[in-house]
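Each protein sequence line maps, in turn, to chains A and B. If you count by my numbering, then the first sequence holds residues 730 to 1117, one letter each, in order. If you count by my numbering, then the second sequence holds residues 10 to 435, one letter each, in order.
Don't take each hint at face value.
[Said to hold, decoys possible] Cross-link-like lysine to aspartate or glutamate pairs, in silico, EDC-like; alpha carbons within 20 Å at most:
{"hint": "1", "chain 1": "A", "residue 1": "1077", "chain 2": "B", "residue 2": "195"}
{"hint": "2", "chain 1": "B", "residue 1": "183", "chain 2": "B", "residue 2": "195"}
{"hint": "3", "chain 1": "A", "residue 1": "1077", "chain 2": "B", "residue 2": "390"}
{"hint": "4", "chain 1": "B", "residue 1": "89", "chain 2": "A", "residue 2": "1081"}
{"hint": "5", "chain 1": "A", "residue 1": "849", "chain 2": "B", "residue 2": "349"}
{"hint": "6", "chain 1": "B", "residue 1": "174", "chain 2": "A", "residue 2": "1018"}
{"hint": "7", "chain 1": "B", "residue 1": "186", "chain 2": "A", "residue 2": "1038"}
{"hint": "8", "chain 1": "B", "residue 1": "177", "chain 2": "B", "residue 2": "327"}
{"hint": "9", "chain 1": "B", "residue 1": "183", "chain 2": "B", "residue 2": "333"}
{"hint": "10", "chain 1": "A", "residue 1": "849", "chain 2": "B", "residue 2": "86"}
{"hint": "11", "chain 1": "A", "residue 1": "1077", "chain 2": "B", "residue 2": "88"}
{"hint": "12", "chain 1": "B", "residue 1": "163", "chain 2": "A", "residue 2": "881"}
{"hint": "13", "chain 1": "B", "residue 1": "183", "chain 2": "A", "residue 2": "1036"}
{"hint": "14", "chain 1": "B", "residue 1": "174", "chain 2": "B", "residue 2": "193"}
{"hint": "15", "chain 1": "A", "residue 1": "798", "chain 2": "B", "residue 2": "390"}
{"hint": "16", "chain 1": "B", "residue 1": "257", "chain 2": "B", "residue 2": "216"}
{"hint": "17", "chain 1": "A", "residue 1": "849", "chain 2": "B", "residue 2": "216"}
{"hint": "18", "chain 1": "B", "residue 1": "202", "chain 2": "B", "residue 2": "25"}
{"hint": "19", "chain 1": "B", "residue 1": "183", "chain 2": "A", "residue 2": "1081"}
{"hint": "20", "chain 1": "A", "residue 1": "1077", "chain 2": "B", "residue 2": "353"}
{"hint": "21", "chain 1": "A", "residue 1": "753", "chain 2": "A", "residue 2": "942"}
{"hint": "22", "chain 1": "B", "residue 1": "337", "chain 2": "B", "residue 2": "178"}
{"hint": "23", "chain 1": "A", "residue 1": "1041", "chain 2": "B", "residue 2": "150"}
Hints listed in this document are in silico derivations from the structure and should not be mistaken for laboratory results.
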Amino acid sequence: METLKELIKYCEDVAFDLNFTKAKEWKIQDKSRVLVGFMPIYFPREIVHAANGLAVGILGGGDKKQIFKGDAYYQSYICHMPRGIVELALDKHFEEFDGFIFPSICDVIRNLSGMFRLFKLGRFIKYLDFPQNFQSHIGGTYYQHELQSILDYIYEINGVEITAERLNNSISLFNKNRELTNKIYEIRQSFPWRMTAADLYNVVRAGYVMPVEEHNIILDRIISYLNEDIGNPLDKIRVLVIGAFCEQPPLGLIRTIEMAGCYIVEDDFLLGARWIQGNVDTRTDKPLETLCNTYLSQSTFSSSVYDADNPKENRLLKQFSDRKADGIIFAAPSFCDPALLDHPILQKACNDNNIRYISFLFSENTGQFKVIKEQVGTFSDSIKLWEV
Amino acid sequence: MSKEVKKEKSMVIQKEMIANLFKELSNARETGKKVVYTFVPGNISELILSFDMLPVYPEINALQSGMRKKSGGFILDAEKTGHSEDVCTYVKCDVGMLLNGNIGPTGEKIPNPDLLLLSYTGCFTFMKWFETLKRLYPGVEVAMLHTPYQEGGKITPEMTEYMVKQLKEEVIPKMEKVSGKKYDEEKLKSLLKNTSKTEETILKIFETTKNRPSPIDAYFAGVYYIGPINSGFRGTADAVSYYEELLKEILERVDNGLGPITPEGEMEHERFRLVVEGPPNWTHFREFWKLFYDMGAVIVASSYTKVGGVYDLGFRVDPEQPLESLSKYCMNCYTNLNLEQRVDLLSKHIQDYQADGFLVNSIKSCNSFSAGQLMIMNQLESRLEIPVGFIESDLVDPRYFSYSNIKNRLESFFQMLEQRKIILSR
Ligand code: SF4
Ligand code: SF4
Chain A
730 METLKELIKY
740 CEDVAFDLNF
750 TKAKEWKIQD
760 KSRVLVGFMP
770 IYFPREIVHA
780 ANGLAVGILG
790 GGDKKQIFKG
800 DAYYQSYICH
810 MPRGIVELAL
820 DKHFEEFDGF
830 IFPSICDVIR
840 NLSGMFRLFK
850 LGRFIKYLDF
860 PQNFQSHIGG
870 TYYQHELQSI
880 LDYIYEINGV
890 EITAERLNNS
900 ISLFNKNREL
910 TNKIYEIRQS
920 FPWRMTAADL
930 YNVVRAGYVM
940 PVEEHNIILD
950 RIISYLNEDI
960 GNPLDKIRVL
970 VIGAFCEQPP
980 LGLIRTIEMA
990 GCYIVEDDFL
1000 LGARWIQGNV
1010 DTRTDKPLET
1020 LCNTYLSQST
1030 FSSSVYDADN
1040 PKENRLLKQF
1050 SDRKADGIIF
1060 AAPSFCDPAL
1070 LDHPILQKAC
1080 NDNNIRYISF
1090 LFSENTGQFK
1100 VIKEQVGTFS
1110 DSIKLWEV
Chain B
10 MSKEVKKEKS
20 MVIQKEMIAN
30 LFKELSNARE
40 TGKKVVYTFV
50 PGNISELILS
60 FDMLPVYPEI
70 NALQSGMRKK
80 SGGFILDAEK
90 TGHSEDVCTY
100 VKCDVGMLLN
110 GNIGPTGEKI
120 PNPDLLLLSY
130 TGCFTFMKWF
140 ETLKRLYPGV
150 EVAMLHTPYQ
160 EGGKITPEMT
170 EYMVKQLKEE
180 VIPKMEKVSG
190 KKYDEEKLKS
200 LLKNTSKTEE
210 TILKIFETTK
220 NRPSPIDAYF
230 AGVYYIGPIN
240 SGFRGTADAV
250 SYYEELLKEI
260 LERVDNGLGP
270 ITPEGEMEHE
280 RFRLVVEGPP
290 NWTHFREFWK
300 LFYDMGAVIV
310 ASSYTKVGGV
320 YDLGFRVDPE
330 QPLESLSKYC
340 MNCYTNLNLE
350 QRVDLLSKHI
360 QDYQADGFLV
370 NSIKSCNSFS
380 AGQLMIMNQL
390 ESRLEIPVGF
400 IESDLVDPRY
410 FSYSNIKNRL
420 ESFFQMLEQR
430 KIILSR
């Protein structure tokens, strides 16, 4: 059995393999398998799994891909992530992908779906318009049609029929995946020194590009390591990092926050992996409907979802107290309208509740962290001094 | 000294219509009329008016603040309260205006909303904007109308059904609650009859640019022409007569072989015909327009005049299907079209209106327009082999208007157009 270090290294390699080798190797083993790329934040991967497919997270080029062509398609005041994605597409990193899903989170992603259409990539392009109406017979019905249209596209490619049993089975695998991921967060809640946030990030991100069955095994093994009394507690403050749900922070940034004196005990980096709160019921004979209704009633909060009756600031405050955090770091990608337009709302809630916070902007290819390190270091010192 | 702007009868009518609306708004508390804040793209004014409520469009207030040179201060005030420099300046301008007492363009206070009607056709920022307003006006009712995007290039029955259900079960009940009136479908139908006439006339107005010289500028003057339908007059008899008068005036110009009226006077020599994509800059609107006037450039079609509805592709409201019509209207607005559809529409305009070039005014604030614009340019250039130009500015943030930059870029663009003309004439 691999050591914890080996498992994490393996995850990091898979997670940042911009050729998606793991996913492509999986696909060639069986002619009826399909690969479906999806953009942030959340996509119900269960349905692709049930159709004998692998939904692969596309999270940009990060700091691992130099941008030449992508910049020609985006003005300087648009976030970085879509440039990375266009660069990957034009450099043929998505060659074996059958289709692409663009969840409705912002205008940039929405228009990127149009660019993929114009580039004629894959065999289908689907902009998945999540309902902003949360009643099951209105938004739920509409959402079911949206998901069904994806299944229809896949059926046209591989002819795989989805039965209730198949879909329930897939749902239960992803239930398990979320349970295991949440379990690691829970362990880190009490013992954050047992695994760094950067390592956790690698482990969760690997799950975006490999079969869920394999990822579940890895998570299980990691949990057994983390249940041991490993590592030594350090004098660090506990923080939530909020705002990086779409364009991902470079690993160096996560490490910088940690090195500057913080335990990241909650984050929204790869929010899609933990989007549904709790399990989806697997005992129904209408699993697609169940999956849709669960989205309506059990989603986490996010800048891309209208927070009609459940204000996001209250949910952030709850998360802050549940995680027994000392402060919040608002880290948003430059030019990210959804994240940045939420900041005044969330920061007002922090001010009203005497929660200390800092904020800064990043981009997926940020390479210099000196300023951020100083800012976070000062923040953590000030909180520690305050506590004394 | 700047020249006097020549006033046509339609301009006077429009001014009066808008002044009356703001007067009504400022008296709303006394008259008991309820006030609905909503947005331009997919604005369902007819439904609001059928409940005798008054619409307010925060975007229109923002652009007016830009034109009145007030937006810069408002934006700074919003930034002081934590709004990022990087986001849509319409939102910040609106927040800043609120922080400064919500005084509208006519100098009267705009009343607080009784209902926030959140229809966010073609732009996510609208949703964020109303999340902000919801907190600035605590306790105010909010009705959400989610308009599905035409991602597949068409409107499916499921999309329409989803919207109609939202109208029936979410929007109309909230309007009934706020206004204290029952939904009156007959009244809505009669308003929609006016809309359908208006849509037809608007199309005819914008089609007059097929003439040489074009009698109007479909961008700079175009934004005035779409003013009434985008600021609460869709469905009114006033809108019908305004547009009929406007069309009459324009047709007279066609008969007399006249070019567009501009703030600098009539354009006497049309040198270049352009199609423009993207919103204009409001803070330096007149200077911006003058740059084109000085070069003899006329805009024969623009996408921005279609944010509040696209009529060129045959869509008309059907008064006998009122809720379906409102839904389809929302889904048909320009920014709710996918990029392929936008490219097709712009390409059709370039050909139908015999444009010499295509120009993008890329707006820093507006991802809804800007993300993908370079792709649109690229597609049109290779599809039609026409010169394309690119300038950058912002809607209402004066910090992002660089006169010399824009002028330089436009000069090179016009040189390119000139050279092409010479080559083609050989
Ligand atoms: S980083 Fe923000 S603006 Fe950019 S694609 Fe993601 S959500 Fe949209
Ligand atoms: S992003 Fe563009 S369309 Fe959206 S509110 Fe701002 S200016 Fe309007």
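Cross-check of the supplied hints:
no. : hint           : result
1   : 1077/A - 195/B : violated (46 Å)
2   : 183/B - 195/B  : holds (19 Å)
3   : 1077/A - 390/B : violated (47 Å)
4   : 89/B - 1081/A  : holds (17 Å)
5   : 849/A - 349/B  : holds (11 Å)
6   : 174/B - 1018/A : holds (18 Å)
7   : 186/B - 1038/A : holds (18 Å)
8   : 177/B - 327/B  : holds (17 Å)
9   : 183/B - 333/B  : holds (19 Å)
10  : 849/A - 86/B   : violated (45 Å)
11  : 1077/A - 88/B  : holds (14 Å)
12  : 163/B - 881/A  : holds (17 Å)
13  : 183/B - 1036/A : holds (17 Å)
14  : 174/B - 193/B  : holds (17 Å)
15  : 798/A - 390/B  : holds (17 Å)
16  : 257/B - 216/B  : holds (13 Å)
17  : 849/A - 216/B  : violated (33 Å)
18  : 202/B - 25/B   : violated (23 Å)
19  : 183/B - 1081/A : violated (31 Å)
20  : 1077/A - 353/B : violated (45 Å)
21  : 753/A - 942/A  : holds (16 Å)
22  : 337/B - 178/B  : holds (17 Å)
23  : 1041/A - 150/B : holds (18 Å)
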